[in-house]
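S.K.: Read off the chains here:
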Amino acid sequence: MTVPGPGRRRGVGLLPYALVSPVVLFIIGLALVPAVFTVVQSFYRVDALDPPTRFDGFGNFVRLAHDKAVVGSIGNTALYVLVGTVLSTVLGIAAAVVLHKPFRGRSVVIAVLILPWALPGVVEGILWTGIYDPNAGLVNGVLSSLHLGGSGVLLGENRLVTIALIELVQVWQIMPLSALLVLAALQLIPDELYEAAEIDGCGAWSAFLHITLPLARPGIAVAMVQALIMTLNVFDQPYVLNGAASTGASITEQTYFISFQDLDFGQGYALSLSVTIATLLISLIVVKFVYRRVDL
Amino acid sequence: MSRTSRRASISMRAKTLLAGLAGLTLLVAGCGGGGTSGGSTKTQGVTITVALSSEPPPQSVLAEFTKQTGIKVNWVNIDWDSLQTKISAAATAKTYFADATNVDWSRVGQLSRLGWFYPMDTYLDTKALAPDMPQLASFTINGRVIGIPYDASFMVTTINKELFRKAGADVSPKTMDEYTAALRQIKAKGVVKYPLNIPFAAAEGLSTYWYETTHAFGGTILDQAGKPQFAAPNSPGYKAAAWMVDALKSGLVPPGNINVADTQGQQTLMAKGQVASTFSDYSGMIGTIYNVPASSSVVGKVAYIRTPGVGGVAANLSNPDGIGIPKQAKYPNAAAKFISWFTDAKQQTDFSGVNGPEKAFPSYPIPSHLSAVRTLTTKGGLVGGAALGEMLRTSKPVFEGGAPSWYPKFSNAVYTNLHAAATGSTSVSAAVNAIADTANKLAAGS
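Chains as they are written, first to last, in our numbering: chain H, 1365 to 1660; chain Y, 10 to 455.
Hints may contain errors.
Now the in silico label distances, taken between C-beta atoms and shown as ranges [as the list claims (entries may be wrong)]:
#1 Y:Gln233 - H:Val1388: 54 to 62 Å
#2 Y:Gly152 - H:Pro1398: 36 to 44 Å
#3 Y:Gly177 - H:Leu1446: 49 to 57 Å
#4 H:Ile1391 - Y:Lys81: 46 to 54 Å
#5 Y:Lys198 - H:Leu1524: 50 to 58 Å
#6 Y:Thr184 - H:Ala1399: 18 to 26 Å
#7 H:Val1654 - Y:Thr104: 13 to 21 Å
#8 H:Thr1402 - Y:Gly54: 39 to 47 Å
#9 H:Phe1653 - Y:Thr104: 43 to 51 Å
#10 Y:Ser91 - H:Pro1380: 36 to 44 Å
#11 Y:Ser304 - H:Leu1446: 34 to 42 Å
#12 Y:Thr104 - H:Asp1414: 15 to 23 Å
#13 H:Ser1508 - Y:Ser304: 18 to 26 Å
Treat the hints as calculated values from the structure; they're not laboratory data.
Virtual Cβ for every residue (Gly too), placed ideally from N, Cα, C.
Chain H extracted, bound-state conformation (with noise of 0.2 Å):
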């Protein structure tokens, strides 16, 4: 057996990273650079039409907190995040325990499932559209041949409902990767444990509350984290489906109006950073209240 000379062991030792350099440095470039950038600029005047840039404390902070259209998009993301962790969840588990279960086409069945999660956001507001069409519309046309609904559902006019109907397309994104997420964690469960349940005259319900709940938990916390990021981020689904009305704009599209259309940059950045403050903690709780370490 050959031992390496302390010389080999040094080039050895440099290598390694040397090779994650470039993903060091891409990370540090694209990632972190305009991060400390964001942060710092917040505080900060940066408004196109009013040069120079120049220190202001927590101006945009305080002028963003006295916008209307602000305040209204939080409210308007916080139902988003409320509707859509949840269902994408739930729905989430249901499919997971189904496709947990060997059967005929189970790969197909997998392979269409994630195909709404594969489609840009932007493509599937514009597919939805046709369907929500108040006047053309599939969701319309059948509860008008059902003499059902009277003008029938209407985007933008109630702000539950629109925010519901909004989100419902973004679950539908969404919540294939969920599914993915909790299937990986329930196929680390030893059949033994079902087996044992079993034996013990436990049913199919008390297996699923005792066993299966508890013991995917990593994988739920994961898929509620991504489900949390997603809808708190939501842009495309309502910018595409209900426009600027105030009865479904989020935070990021507040951000963007106040970026790129007013050229406001210090208020973009300073929306920006309270997006990803706020979405740190929130994650910080689900994972503080869900995770749960769980070894097999």
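Please arrange chain Y on chain H, whose structure you already have, making use of the hints.
M.R.: Relative to the frame of chain H, chain Y by itself:
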């Protein structure tokens, strides 16, 4: 050290160096691509990038331009919203994006204040162009021309003559009262359930509809200082907002239109004969949508009418697309040559297809030159050409003196508040007051 271990050590060092260099290259590449403000004056043997939200003209036509000038054109088609974002992002970062790109009439004030585009009057004789190109006024601010209009879009009233006639309604109403009476008659006779199309979705199309309606009621939106002219209940702007919302509440407009954008309304309502009229439609829609059998069931039935006003017909407001040269252009002089060629009257006539389909620019609605419109009308190449030519001649910019620099924020307030009034979540009065408050704050610079 043996030769083998030495070779291995050198090889390891080489790999390490290579990996480090690769990382450095990536970083340099990522940080590269800085600004090129100033550009080259070269106009021969260069390739310019033209970014517009449109399919390119035929390759043979672009090749002919290259043959004439020695300038190659790289045409980039980007949707309008993304294009505006790219223009802002590139200009803010002072990076090259295109040599010639879209200048929207609504951003002229903003672009002028920001100095993001070269004044076109330094490249072209815009004073000589003005008499034949009435919409040049929409791109002129503080005496400088920011862009050259390449299509003559303006707001215009369209009616489905067949539906109007079926109801025995006047097919050429001259006033708002006559027009409203005709719509009510169509509804009363049951010819269609909802005769009027107003796109109430919270988007730019709702703002422009209100501007045109305000103009028809005999007023303007803002004065030269940017002060709102619509806050008083007896003002034309207030009456226009009330008329639009009342049309929805009284059943002249389909209830679903609270979430219908302008293009959706044209394609699913007017083109399918579900409504009888769009008060503030866009010029060129008959040729590009309503008379296209593949997408329309009202071919030959829709006509442009002179826009009804208070005491007679009203002028039409301009809504044109322009093209200009960003300050970071690599070849501004070459871009100016392209713009001169692209907006030339003869070229526009060719684009319209009357001189052969091989020269036609498929998504081209109406020339911005009056002389080109006249040529088209004479040759029968423009549906409603005579009427459109007259409307184009008398068309006016939405904002005399150019759109204010804060227009995008103002427009956002317009369409979100009018949409809210349409949904019933606020009153017309509250909506108009909120829009006026926004305008006052923006005009005061706060």
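S.K.: If you test the structure against every hint from before, which numbers come out violated?
M.R.: The structure conflicts with hints 4, 5, 6, 7, although it agrees with all the remaining ones.
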